[in-house]
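Trainee: In case you want the letters, here they are:
Number of protein chains: 2
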Amino acid sequence: MSRRRVTARELAPLVAGWKDDRTAGYAALAERLRLLVLDGRVPVHALLPSERELADALGVSRTTTAAAYRALRDAGFADAGQGAGTWTALPGAGPDPATAPFPVHSTGRAGLEDGRGDLASAAPEAPPQVPAAYAAALAELPRYLPGHGYVTAGLPALREAVASRFSGRGAPTSAEEVLVTSGAVHGLRLVLGAVLSPGDRVLVESPSYPLALDAIRAAGGRAVPVPIEDAGWDVGAFANAAHATGARVAYLMPDFHNPTGRLMDGSTRHALAGALAATGCTVVVDETTVDLDLRGPAAPAAPPPFASFGPRGAVVTLGSASKTFWGGLRIGWVRADAALVRRLTLRRAMEDLGSPLVEQLATVHLLADVEGVLTARRAALATRAAALASVVVTELPGWSAPIPPGGLFLWCRLPTASSSAFAAAARSVGVVLTPGPRFGVDGAFESRLRLPFSRPVPELEAAVARLAPVWRGLTGGLAEPDDDLLVV
Amino acid sequence: MSRRRVTARELAPLVAGWKDDRTAGYAALAERLRLLVLDGRVPVHALLPSERELADALGVSRTTTAAAYRALRDAGFADAGQGAGTWTALPGAGPDPATAPFPVHSTGRAGLEDGRGDLASAAPEAPPQVPAAYAAALAELPRYLPGHGYVTAGLPALREAVASRFSGRGAPTSAEEVLVTSGAVHGLRLVLGAVLSPGDRVLVESPSYPLALDAIRAAGGRAVPVPIEDAGWDVGAFANAAHATGARVAYLMPDFHNPTGRLMDGSTRHALAGALAATGCTVVVDETTVDLDLRGPAAPAAPPPFASFGPRGAVVTLGSASKTFWGGLRIGWVRADAALVRRLTLRRAMEDLGSPLVEQLATVHLLADVEGVLTARRAALATRAAALASVVVTELPGWSAPIPPGGLFLWCRLPTASSSAFAAAARSVGVVLTPGPRFGVDGAFESRLRLPFSRPVPELEAAVARLAPVWRGLTGGLAEPDDDLLVV
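Chains A and B are the protein sequences, given in the same order. Residue numbering for the first sequence follows my numbering, beginning at 386 and increasing consecutively. Residue numbering for the second sequence follows my numbering, beginning at 386 and increasing consecutively.
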């Protein structure tokens, strides 16, 4: 088998921003490389660039890259042979698999098909309303077939439907204040591209959503983490961080935060929106999981959108059809003042000319029955969360797995700082996990692991059954990895 | 009516790269602003930022912005009032219309509906096969509904279908060498983002495709124009330009080039691919219009893909379903070596997580009958090209409008250098034109106008009938603009 080669040119953008102020250069670089191997962006058993090539590409000394490779080898994440270069590895993993798992999704199927559990991705299956929505979209399509088919800012009916949902939730919105995007991450990149300059600071919750941290880095921003794990959003801490760093932007997920599932209450929204507006910081609110309220029908109503608490123009809101409906629909939206929507539309006109018509038409139909979709989805997710939490605490001794008020994840606490080692070992039984440090700015969260409960209960139970012996093996018990393919 | 205000922050990215080495600063800035007004990216009758605000945003002196505004006013593209600031205008246009035309597409309908002719966009209506392809896609959808729906690199069946079409055309390709994108412009941006560093030179044909020039600018590249209008692609001129500038990338459209419609022959492909590979320049070939061969069934076969002439890895090919099938399908692809496809996939995983499943499934079905679609499309486009050329030379005295071998456009030659003035005047009768200078790097092509023949013949004839009195008015004849709404 010839090894996959990772060139310095490939690697350089992936490690961009690896330097931090607290860690020695080589150690920070080794840590970034370790995370890239762990989350699969650099495949296992790939040949790394030579120490000199990487040093040249990163503009550092060869001493730094040599020390980083050495640290990586010492940690079990690389191997080297005489004259054969350095290649990536996983600590405790078996011999070269014929094909390394590569978690960038290559098929539309998830779950444990092919014996591989994908617990890195968080999207549920489609609700039963999806085929009918597409069928209705097709019925309307003939009206659009004589045209050229481009709708850069979004189909007027979809912009209206999104605006009216915001208005209904307490943030009055007109269609001109809505831009249709290809999902929330796409919206975030458009917004950051428009408002951020290289070097600008961006406040983020700690932990935060890995792809958002990537997008901030890609836009040249520097993420400033503010902890929310223990006591939630501390308005004073955010305000101080904004003052101290002069942050241009804050990226927040007040509605069932990813990964913790936390919900920001109304009075905190009020105080935080005011405090951040006072510093001139634009708040980008990611509402991807806003509809996944799992607190049950007896719970108090969810607070109004964060945007309703801020002065006009100070809050930009990102939404998505991916979690409310289905990831296969690549539709999201940005709510912003009309001037920013026009700027973003011009940027998008130079990028991809807009989202597909059929997807937009289908989303209009799904939004018309959003409560029907959500009633069933919330009930199913609540059941799955409870089932996963129960099997986790039973099968993985020492773990705690509190059930969050909403969202798609258990943010588990491990008894030891072993998240990366466990994620690495889980690969050997074909389960893909996102280790805790991917959710931090600087490699924290080694005693946390995010487990999505988005898949059906049997898939979740099967995945934990595979993981249990791996955990026992890590913690000194007897590991008996099951090498049979597990098809659910 | 309150005026739309364009802020300095909005304007700055749109004029990025306005400085050139040949023109005085104020004149280059005025020229860029003029083009922005002409192609609608800055609306007519919008209030511009103050001279000082714009000077601050661009990092130039107020003398420069003041002189640029003065030049803009002198040319009729701006007005100013005592203490009221400077606002955009069109030379010879009537009073403030209630709403200025804004050519970023806001609906799926094109044509002269609402009395407005959109001759800036070039996409034809959908072929009759489109609804059946979507219906077939919906029939296959249930297989994917249990999954999360993300397919970052593209649905395997679509990557296979695209690869096999390349192979059939003479460029052997595997599915791993294909990335699905949201159209060719999106593919171009992904590729430029991966291979270009700020300041890198990019060879382009002159004239070239405006959105490609925008994408090169957005990626920090500097376009180096090489003329192709008179004698086609001069291999020596391209090789010299590559040597002289050390260009990293060449962006070429050898297959019914936009806007000229030219087709590069096989021996030129061979020589040019070899010459550019020798300089280490990566060739990005945009095949968006490759299928629109209008030379008739008796013509010799089109040459094999440019990629088949270059060494492996030296040519990256962009394709699109927009012109072959329909713009409402936002699907395109990149063909590149497998390592670059993996790099692009990782970038895309951080951007928008992939294209919608249904669109990809529908495209697979359309590709299965691509020749059926194209037989009718080519015949219709040939008829439209002939009809438009005939009415243009009859109704617009002094114009020449040669019929190209393929593509979607007549690249008309005007008897005077009046393209911008004509495009401006055409707005007053509700026809949107892209003036010649949008196709050049530095404001050339004032005696050229691109007219798409992509719409049905009655729409084309109606548009030219509207334009004819405007042209007579410009050239001294009697202008009798018809103010009635024209609905076809």
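These aren't lab readings, by the way, just hints derived from the structure by calculation. Predicted model, so just to flag it, every value in this text is computed and none were measured. Just to be clear, a hint being listed does not mean it is correct.
A pair holds if it fits inside one copy or across any two, identical chains being indistinguishable in the list.
As a list, the in silico SDA-like pairs of lysine to any residue whose alpha-carbon atoms are at most 25 Å apart [stated by the list, open to error]:
hint: 1; residue 1: Lys404; residue 2: Gly698
hint: 2; residue 1: Lys404; residue 2: Ala734
hint: 3; residue 1: Lys404; residue 2: Glu436
hint: 4; residue 1: Lys404; residue 2: Pro513
hint: 5; residue 1: Lys404; residue 2: Gly651
hint: 6; residue 1: Lys404; residue 2: Val842
Trainee: Does each hint fit the structure? Answer for all of them.
Mentor: Tested hints:
1. Lys404 / Gly698: Result: close neither inside a copy nor across copies, 34 Å intra and 32 Å inter.
2. Lys404 / Ala734: between (35 Å within a copy, 23 Å between copies)
3. Lys404 / Glu436: Close inside one copy (17 Å), not across copies (40 Å); limit 25 Å.
4. Lys404 / Pro513: neither (47 Å within a copy, 55 Å between copies)
5. Lys404 / Gly651: neither (38 Å within a copy, 50 Å between copies)
6. Lys404 / Val842: neither (41 Å within a copy, 61 Å between copies)
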